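Student: Those protein sequence lines, which keep their order, are chains A and B. Residue numbering for the first sequence follows this note's numbering, beginning at 792 and increasing consecutively. Residue numbering for the second sequence follows this note's numbering, beginning at 792 and increasing consecutively.
Since the hints were derived computationally from the structure, they do not count as laboratory data. Since we're looking at a predicted model, the values are computed, not measured. Mixed in with the good hints, there may be bad ones.
Treat identical chains as interchangeable: a pair holds within one or across any two.
Below, computed lysine-lysine pairings styled on BS3-like, alpha-carbon distance capped at 27 Å [to be verified]:
(1) 1099 x 1023
(2) 1108 x 1023
(3) 1108 x 1080
Protein chains: 2
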Amino acid sequence: MTIVGFLFRSCQESQLFWRHGLARETVGVINAGKSRHNEDQACCEVVYVEGRRSVSGAPREPSRGQGLCFYYWGLFDGHAGGGAAEMASRLLHRHIREQLKDLVEILQDPSPPPLCLPSIPGAPGSLDGPHLVGPQPSWSSQKEVTHDSLVIGAIENAFQLMDEQMAWERHGHQVEGGCCALVVVYLLGKVYVANAGDSRAIIVRNGEVIPMSREFTPETERQRLQLLGFLKPELLGNEFTHLEFPRRIQPKELGQRMLYRDQNMTGWAYKKIELEDLRFPLVCGEGKKARVMATIGVTRGLGDHNLKVCSSTLPIKPFLSCFPEVQVYDLTQYEHCPDDVLVLGTDGLWDVTSDCEVAATVDRVLSAYEPNDPSRYTALAQALVLGARGIPRDRGWRLSNNKLGSGDDISVFVIPLGGPGSYS
Amino acid sequence: MTIVGFLFRSCQESQLFWRHGLARETVGVINAGKSRHNEDQACCEVVYVEGRRSVSGAPREPSRGQGLCFYYWGLFDGHAGGGAAEMASRLLHRHIREQLKDLVEILQDPSPPPLCLPSIPGAPGSLDGPHLVGPQPSWSSQKEVTHDSLVIGAIENAFQLMDEQMAWERHGHQVEGGCCALVVVYLLGKVYVANAGDSRAIIVRNGEVIPMSREFTPETERQRLQLLGFLKPELLGNEFTHLEFPRRIQPKELGQRMLYRDQNMTGWAYKKIELEDLRFPLVCGEGKKARVMATIGVTRGLGDHNLKVCSSTLPIKPFLSCFPEVQVYDLTQYEHCPDDVLVLGTDGLWDVTSDCEVAATVDRVLSAYEPNDPSRYTALAQALVLGARGIPRDRGWRLSNNKLGSGDDISVFVIPLGGPGSYS
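Based on the sequences and whatever the hints tell you, model everything.
Tutor: Here is the structure:
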């Protein structure tokens, strides 16, 4: 199905200021369209987090008090309806803010995070030490928990709560469909890239590509899915087998020996075909045609609470995970120039564009502008989207190499990582 | 517990011949000892695989007919008794041979493996084509299966069958304990390294380290273990919680908020401590002290069918996997010199020796011998073992840096990857 958005959206109105001498004009989001509907959604925000311990209910300025600011970009690739992507673009950063509230003081204190907090939030100055007293237990060692891992935990739980909210509200508010979510949080000098789905983030630094995410598809998550089907066979409803076969088995092949692999295997072996092997495999197909339960091609994301197997009442949601994988990039560890960028794109971009091609486009477009011209990043996002879309020619949208352009929604964020000090 | 073997074992009697111009004297296995018992076992073999289709029951010469030869090295680090390691060292390669029997013709045929085989093995010349006839099914694509992945599948299934055999025979034959298994199969120009446990294999090529395995410990497999505990809580027997905490919780801390993470999280977050959180965590501790169910420090291997939680009847085996991860190295893709080696070691080596230190020892020892002196590899294995063991000084076994030597069994295989053509 070819659904390509008509929306051309540039978030230039978001005047984000970075604290570390980075570019002022940070954001270019562009959706290039071939058709009327675009299920992608995007969001960028500066979010202020007030600690739970603040007595006053009123929000304080970031510069004063103990609050924290984070910068936020989210890209949501919807499917089976735009409701989930739209809801996530409105609310996910609020869930992240809520999760960070407990951490406002802890993250600004260089000492290791307290392992235990008092039961009632709001008691100031009672964070650590005293709550760890008592005799040393038999398991005496303590695990070191980093500040980074608290932010990662906050983002992970925010994704889960967002997903739960979609479940609660799906009847009243028409939260139809689901969405992949790719989110960037910039907090206290570090960039957290959280990905649940098949969008992708890369950093292009000094012309080199640094992957910042992995895709979650029926192929990359095959063993997790098969293990779940094996441990909870009731989820397969007598319609599916947790085994994978390299092609559909024909009933007349019963008794022959077919290649298969189970949840423990990465290699293939032959097994005698039995009656239950004629069920449809839980995971089948390759590349863009890979599917879970013959239905969905991504295995992580938000929503999809109503998604059922075609012509069946079997729910697919139990096999989908709402949890992102979070990668951390310490901006303070490297010198960045104005041509260093973080690029987020939905699969519409990456299906037809390699990481290296994106890096080449970054070089080509940015070098055509002055380093301090903020419109260069919007031009880059536009070039990436239009390059993946192609132009109408020979009865189709064609790329510069004459291959077919992406038939999917295409959305791209370009986030500059460096820039002249005058931007600070 | 410090159990270090007294056994000094050099497998120089194994005169392995490589087919591709590699070294004739291929093997040095050495166990250096501080005490009487050594639970490590080692094995190296040349194994001939006769295809199932052979009519004659007698084995044929490798040079004639359709049989296959593979070269095999296995390192088995036993725990809680030496029975499992001893049994694996005698039998695992036979299980691999058995699994490869179906593949003898397929692996020697450059065309893609047939997806389906006839039901009765032994009918010659009926491997492919005809068995794939019939109408194209609705899921029409076929997955490409490589020859490599068939060998990987064969090794994986051989590990599983070895583990099952230990389960059947554990009462009659005293197969006490369990073992990590690190196995190398050299077949048709490729090196397959299969690891289940915390042993490690590296290639040192041109002085550089190429990791050939990953360790499987409560820390590296935390999420798999927690997921199993979450999905099958009966395996935790009201004694354990699938949640991880950074330290043991005290009963008086009920109601406070403690850092935790579950099977979905890589980060940490705070949760209110409830009664069931006072159970012991399924996974606890760090580094060499990490444990599953407070008992075992490795999460993959063979055996352990009788292993129970201390002072309990709760079995631990359901959480342990017998499946190895298999990495493939194509020997024909690189030029190898006589100083290029594959080093296998049990954790006794790696606990006190880094990959780079091993590479430095490879350089130091091998450069002291003529390139065509086969005893250089035995000397290298010996140097690695003795270097990790240390020498008695200051009331302990000390390394050259005065740190304590390994308190564990130490076993090392050195397998040369290149050599003068005259060895072929």
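Student: Against which earlier hints does the structure fall short, listed by number upward?
Tutor: none
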